[in-house]
Amino acid sequence: MKPNYSFLLKLLIAQCLALACASQGYDFFYLVQQWPGSYCDTTQGCCYPTTGKPASDFGIHGLWPNYDDGSYPSNCDSNNPFDLSQVSDLTSQMQVSWPSLACPSSDDTSFWTHEWDKHGTCSESVLDEHAYFQAALDLKAQANILQALENAGIQADGGLYSLTGIKNAIQDALGYEPWIECNKDASGQSQIYQIYLCVDYYGSSFIECPVFPNVGSCTSNLEFPTF
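Per mature numbering (1 follows the signal peptide of the UniProt record, and there is no 0), the sequence shown runs over residues -22 to -1, 1 to 205.
Misleading hints may appear alongside valid ones.
Quick list of simulated restraints, FRET-style, between CB atoms [as the list claims (entries may be wrong)]:
| hint | residue 1 | residue 2 | range |
| --- | --- | --- | --- |
| 1 | G136 | N58 | 39 to 45 Å |
| 2 | G131 | L62 | 37 to 43 Å |
| 3 | G137 | S63 | 41 to 47 Å |
| 4 | T21 | E155 | 29 to 35 Å |
Please keep in mind that the hints were generated in silico from the structure rather than gathered at the bench. Built from N, CA and C at the ideal position, the CB exists for glycine as well.
Take the sequences, apply the hints, and build the full model.
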């Protein structure tokens, strides 16, 4: 009997598609929080949301699925776009903890849309839209970074603090090593910008980072700008 090449080709294509779908999984999350003073204190500047100036606290940038090799999936499901009605009960909390500082001023919805469409859809097999945003809010509450720094005498007063001291303050408070991303103020001074903490596959608990991101290298002494 001659082999059915058409059937074999279809089988091969199906297997390849299955592998492609599987490759959209992930291993862990980065919870990324940014200091608003450092976002605004650059040559680019910032715009406050239409709801007003955000609190002087670290705000969520995102909850990002990642692979253990340092790469990450993105934009995994265009058929499941952000739906504000799915998080209507979280909106007021998100406005406080997850504000947009991008220009022009907005009601934050475009920021949340971007984060869900690019990152959240890659974890939807574990966290649907509501669970995804709820997880990020819960994790931020667990990791009170500003309080951890203030307890170590590190204040958002425009002063300079050692990178080692900042890392140690967060690790002592949370039990896990963070990654610090820096940017530069308008005069070129390196400053605390974003804090990365690693989270387990289910988005529920902090873990030691399998790999740190290769972003925003810092000098040994950093500015902690006011906001």
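These are the hints, each one checked on the structure:
no.: 1; hint: G136 to N58: 39 to 45 Å; in the structure: holds, 43 Å
no.: 2; hint: G131 to L62: 37 to 43 Å; in the structure: holds, 41 Å
no.: 3; hint: G137 to S63: 41 to 47 Å; in the structure: holds, 44 Å
no.: 4; hint: T21 to E155: 29 to 35 Å; in the structure: holds, 31 Å
The earlier numbered hints are all upheld by this structure, with none contradicted.
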